[in-house]
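**Q** All chains should be built: construct the whole structure from the sequences, respecting the hints.
Residue numbers (numbering that gives the first Met the number 0), protein chains in the order written: chain A, 0 to 311; chain B, 0 to 102.
Source of the hints: derived by calculation from the structure; they are not laboratory data. These numbers were taken from a predicted model, which means no experiment stands behind them. Hints may be right or wrong, so weigh each one.
In silico lysine to any residue, SDA-like type, Cα no more than 20 Å apart, as pairs [said to hold, decoys possible]:
(1) Lys30/A x Leu75/B
(2) Lys46/A x Asp15/B
(3) Lys30/A x Ala91/B
(4) Lys37/A x Asn76/B
(5) Lys21/A x Gly79/B
(6) Lys26/A x Glu98/B
(7) Lys46/A x Ala131/A
(8) Lys132/A x Ser51/B
(9) Lys26/A x Leu86/B
(10) Lys26/A x Leu65/B
(11) Lys30/A x Asn76/B
(12) Lys132/A x Glu98/B
(13) Lys132/A x Asp15/B
(14) Lys26/A x Asn76/B
(15) Lys46/A x Leu75/B
(16) Lys56/A x Gly10/A
(17) Lys21/A x Asn76/B
Chain A stretches covered by chain B per the calculated footprint, using a threshold of three residues with CB under 8 Å from any CB of chain B [to be verified]:
(18) 19-29
(19) 173-181
(20) 199-205
(21) 233-245
Cβ-Cβ distance ranges computed for the label pairs, FRET-style [stated by the list, open to error]:
(22) Arg100/B x Pro283/A: 38 to 44 Å
(23) Glu74/B x Lys7/A: 21 to 27 Å
(24) Pro284/A x Glu85/B: 45 to 51 Å
(25) Glu222/A x Ala29/B: 44 to 50 Å
Even for Gly, the Cβ is constructed at its ideal location relative to N, Cα and C.
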Amino acid sequence: MEFKDYYKVMGVARDATEAQIKQAYRKLARKYHPDVSKEKDAEARFKEVGEAYEVLKSPEKRAAYDQLGKDYRPGQDFRPPPNWDQGFEFSGAGPGDPAYSDFFDALFGAQARSRRGRGDDSHPGRGEDHHAKVLLDLDASLNGGARSFTLRMPEIDAEGRLASKERTLNVQVPKGILAGQQIRLAGQGGGAHGNGTPGDLYIEVEFAPHPLYRLDGRDLSLELPVAPWEAALGATVKTPTPTGTVELKIPAGSHAGSKLRLKGRGIPATPPGDFYVVLQIALPPANDEKAKAAYAAMAGAVPFNPRASLGV
Amino acid sequence: MSPSDDQALPGTIFDDSAILSIKDLSRMCAVDERHIVEFVEEGVLSVVNVRSEWHFTGDALRRARLAVRLERDLELNLPGVALAVELLEELAQLRRQLEARGK
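**A** Right, dumping it as C-alpha cells:
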C-alpha cells in the first residue's frame, strides 16, 4: 500500500489553517464534482480530494495522520503499526458515498465505514437503490429492444472493504425513452438485508449521436439535400424516417432551410415527438458542356442577385 | 450488440410511469421529508397534487438526488443548489444540442 500525501492532494501546506483547507476543498470540489465537471478523471479526482478533506478537516484525524506521516513520503510502501489509532477519538461520518483508498481504509476504515452497508434505517430490510448512467444508440428508443450494459458496482465485501464489481445486464429498453430519463429495473439494486426486498436499479440514459437524425428532446430532424429545381418547382422525393422511407412532398418555392414537419414521427414517447425535414440545396456540378449551357441559360433568363440582402 | 429480447430484463421509463409520495422520495434520497419540502419551496422540485396530497413524478428523483449531492459535496445552501440544478440542466440541454450538431 502506498502512503498518500493528503496535503499534496489538496495543494495546501502542511501547516495550513482549517480555513485554508476548507477553501482548497471547495475550489477542488467544484472543479472535479462529477455532476459539474467534464474533466476526464473527475470522479477519481473528486474521491481523492474528498478523502483528503475527510482527514484534514477533522482535527483528530489530521493529528493522527500527521503523527503517522512524519516518517513517510508519498508513494512509499506503507504499513500502519498495530493499534496505532489508540488514543484518538473519531467522530462524524464520511461523505455520503465514499470509495476511499486502501490507505484510508487501513487508517480509518472501521470508523468511516461503520455507517455503510446498514441500508436505510426507516426500512431496515430493504436493499439500497443503485444508480447508473449509460450511453445508448438512438435506435433503442425508436424501436425498443434489448441492449447489454456493463456496469461497475461498488460492493462491500465480506471483510467490509469496498470493491468494484462488474456485471453485465441484458435490458429491454422501453420504446420512446428520452435523453436524461431513467429506466427502472425492479430488484436489481443492492441486496436485501435479512428478509427484506432488494433495492432497485435506475439507469439514466443519454444517446450517442445518430448518423442521420438530430435529436432535440422528443423531436428529430434530418437535413435533406434537394436539387435546386426540386425546391423551386416542387417535387415528391424519397426521405428516410425512423419508421421507414416515405415519399415527401416538397412544396414549390421552398428554399434552403425550409422546415417540413411530419407530425408524430419523432421519438415514440407519450406524446410522440415530431420529425422535421430541413431542406438543403445541393448544386449539380457544371462539369460537362450540357450542364454548363444549362447554368448559362439560367443566368441569362433569371435576373437574380443572391447578395441583395448585403446591399451590394 | 443486440442480445435476444426474450431473456432481457424488462425496463420501465421511470420518469413517466412513477408517482412518488414524499415518503418514497425521502427514502430514495436518504434525506428526511422536511428536506424534500424545502426543495419544493425553493423550486428545485415541483409537485403534482393528487387529492390535495403532494406527489412527485419520476424525474423528481434525479433532480432531488442531484440537489442532495451538490448540497453535501459542495456545501451549497438551498438557493445555491436551486441555481446550480437549473444551470446544470440548461448546460446538459445545450451539450446535447451541440453534440447533435457536431457530427
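**Q** Which constraints among the numbered hints does this structure fail? Numbers only, ascending.
**A** 2, 4, 6, 8, 21 and 22
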